[in-house]
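Build out the structure end to end from the sequences listed, making use of the hints.
For the protein sequence lines, the chains are X and Y, in the order given.
Letter 19 of the first sequence, counting from 1, is numbered 246 in this note's numbering, and no numbers are missing.
Letter 83 of the second sequence, counting from 1, is numbered 310 in this note's numbering, and no numbers are missing.
Errors might be hidden in some of the hints.
Pairs count within a copy or across copies, as identical chains cannot be separated in the list.
Claimed, not checked - Below 25 Å or equal to it, Euclidean Cα-Cα: the simulated BS3-like pairs (lysine-lysine) are: (1) K278 with K297; (2) K278 with K341; (3) K347 with K278; (4) K250 with K297; (5) K278 with K250.
No wet-lab data here; the hints were simulated from the structure.
Quantities reported herein were computed from a predicted structural model and do not represent experimental measurements.
There are 2 protein chains.
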Amino acid sequence: MIEWFDDLELGMRFKGGEVAVTKEDIKRFAAEFDPQPMHLDEAAAENTAFKGLAASGWHTAAMAMALVVKIRPFGPHPLIGLGVDELRWMMPVRTGDVLHVEGEVVELTPSRTKPQGIAKVKWTAYN
Amino acid sequence: MIEWFDDLELGMRFKGGEVAVTKEDIKRFAAEFDPQPMHLDEAAAENTAFKGLAASGWHTAAMAMALVVKIRPFGPHPLIGLGVDELRWMMPVRTGDVLHVEGEVVELTPSRTKPQGIAKVKWTAYN
Chain X
228 MIEWFDDLEL GMRFKGGEVA VTKEDIKRFA AEFDPQPMHL DEAAAENTAF KGLAASGWHT
288 AAMAMALVVK IRPFGPHPLI GLGVDELRWM MPVRTGDVLH VEGEVVELTP SRTKPQGIAK
348 VKWTAYN
Chain Y
228 MIEWFDDLEL GMRFKGGEVA VTKEDIKRFA AEFDPQPMHL DEAAAENTAF KGLAASGWHT
288 AAMAMALVVK IRPFGPHPLI GLGVDELRWM MPVRTGDVLH VEGEVVELTP SRTKPQGIAK
348 VKWTAYN
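Shown next as structure tokens:
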């Protein structure tokens with residue numbers, strides 16, 4: 228159980244999940260945030276580079292966040308994101324996929340003045 | 228109007244919006260994807276580093292995507308994201324904020340074999 232910044236170590240790993248992706252979720256997210264044919268409609272999606280319905284990349288990121296929050300990698304402390312580097316969408320996420328996430332602590336920067344710090348964690352979502 | 232990859236130029240700029248952020252939207256997104264106190268409940272959020280309700284960073288990213296899709300920066304062609312570098316959440320997004328986005332083409336990599344390519348666009352969402 229992580230309680231303090233010093234409880235984190237380089238190479239520490241986290242794992243969590245799962246979430247099943249439904250076509251209703253894909254379409255609902257896309258209708259609000261990424262209304263493009265490959266995310267909205269099975270038939271239209273067949274004629275795109277995705278050759279079928281695929282989740283918006285931002286939907287995938289959001290689903291991964293939901294799994295990360297459940298892991299509570301920092302114990303009772305919140306996940307406050309400063310940013311993300313090198314986000315890559317490697318494969319389409321499809322209806323019926325079951326996602327889980329794995330994380331690894333890759334950088335730890337303690338605060339100079341407080342018993343806290345910045346942890347950089349490499350998160351990967353798998354389908 | 229952009230129709231071909233060659234129509235894009237380094238330094239080309241895009242601008243679009245706006246979207247008004249509501250507390251209902253903030254809470255609804257958070258309940259599904261980022262259920263932490265600062266995104267879920269005004270009173271609980273007062274006791275967090277945010278000192279009040281703030282949108283999930285992934286919600287902000289998704290709202291920005293919605294604005295980018297409307298701009299149609301590549302004309303009739305879809306926005307297929309390969310990834311994102313250096314995403315930074317600079318300020319909290321609050322109830323009542325009105326977001327718009329601005330973009331600038333910062334890198335163009337033509338395909339060696341097809342009349343297409345990869346455009347890197349720096350997008351900034353403002354509140």
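Quick rundown of the hints versus the structure:
For a Cα distance limit of 25 Å, the shortest separation of K278 from K297 across copies, 23 Å, qualifies, whereas the shortest one inside one copy, 32 Å, does not. When the C-alpha separation of K278 and K341 is checked against a cutoff of 25 Å, the pair qualifies only between copies, where the shortest distance is 19 Å, while the shortest distance within a copy is 51 Å. Taking identical chains as interchangeable, the C-alpha atoms of K347 and K278 lie at most 25 Å apart only when they sit on different chains, with a minimum of 24 Å there against 35 Å within one chain. Taking CA atoms no more than 25 Å apart as the test, K250 paired with K297 passes in both settings, with 23 Å inside one copy and 23 Å between copies.
Taking the shortest Cα distances, K278 and K250 sit within 25 Å of each other inside one copy (15 Å), while across copies they are farther apart (37 Å).
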